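Enquirer: Sequence:
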Amino acid sequence: MIVRQVALRPLTFLTALTIAAFSQAQQNDVPFQRDVYEGIERNAARIDDRSLTGLKPVLESRVDVTGAMGYRVDSTRYFYWLTEKLFRDHLLDVREGDLRLTLDPLFRFEVGLEQGDATPYADTNRFYQNVRGFRITGDLGPKVSFQTMFHETQAIMPQYLFRSALAIGAMPSQGRVKFPAVPKMDFGWSQSSLSYSPARWINLQLGHGKHFVGHG
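Numbers given in our numbering equal positions in the sequence shown, counted from 1, plus 380.
Check each hint, because a few of them may be wrong.
The list that follows gives simulated cross-link-like pairs (lysine-lysine, DSS-like), each with its CA atoms no further than 25 Å apart [claimed, not checked]:
| hint | residue 1 | residue 2 |
| --- | --- | --- |
| 1 | Lys523 | Lys436 |
| 2 | Lys590 | Lys558 |
| 3 | Lys523 | Lys590 |
| 4 | Lys436 | Lys590 |
Keep in mind that the hints were calculated from the coordinates and are not lab data.
Everything numeric in this text was worked out from a predicted model, so none of it was measured.
Can you make the complete structure from the sequences, with help from the hints?
Expert: If you want it as structure tokens, here you go:
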């Protein structure tokens with residue numbers, strides 16, 4: 381049996397997880413995304429930098445986020461109300477003294493096409509992902525922060541992913557999966573954490589999420 385990996389070519393991609401959503405918090409983790417950490421690890425390679433990026437995610441307060449995606453200063457001259465709301469502002473941003481709360485919706489839409497000779501499924505050679513969710517972050521003074529995120533996905537995935545999810549009952553790197561009508565799938569992902577730094581050299585966290593050890 382030959383299994384081909386099919387790339388989902390995004391025809392439409394929209395996210396309202398704004399640039400402002402990555403603005404530096406007190407003790408929250410840097411969002412666990414490769415594009416973000418490329419800039420952070422570049423800064424960590426400087427001789428005078430003492431941050432450790434081998435255990436991800438890292439605290440925003442303990443790394444240099446200068447120039448990293450989502451943190452860099454936007455130099456675009458022309459912004460309009462819609463793009464301002466989509467890419468710069470939080471949907472909700474509450475600041476009262478040392479209390480801060482932000483809320484942002486998450487959207488992602490992708491469409492892909494199997495270009496091989498044979499279709500993986502009997503009735504379609506198209507794939508898609510429809511993702512919707514939200515992200516909430518907050519600071520309760522300078523030492524306590526929290527964040528929570530949830531997104532749900534309806535999708536038709538390439539056959540190798542479909543078979544894996546069918547065998548284990550979960551989408552790899554996501555969560556439990558339902559099959560409302562084969563090959564359609566419905567699965568979600570959630571993560572949340574409460575972070576407390578009583579001193580500069582110690583941080584305590586309670587929550588659930590993804591972690592990565594190393595630089596590979």
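Enquirer: Evaluate each hint against the coordinates.
Expert: Cross-check of the supplied hints:
no. : hint               : verdict
1   : Lys523 with Lys436 : holds (20 Å)
2   : Lys590 with Lys558 : holds (22 Å)
3   : Lys523 with Lys590 : holds (22 Å)
4   : Lys436 with Lys590 : holds (8 Å)
In terms of the numbered hints stated before, the structure departs from none.
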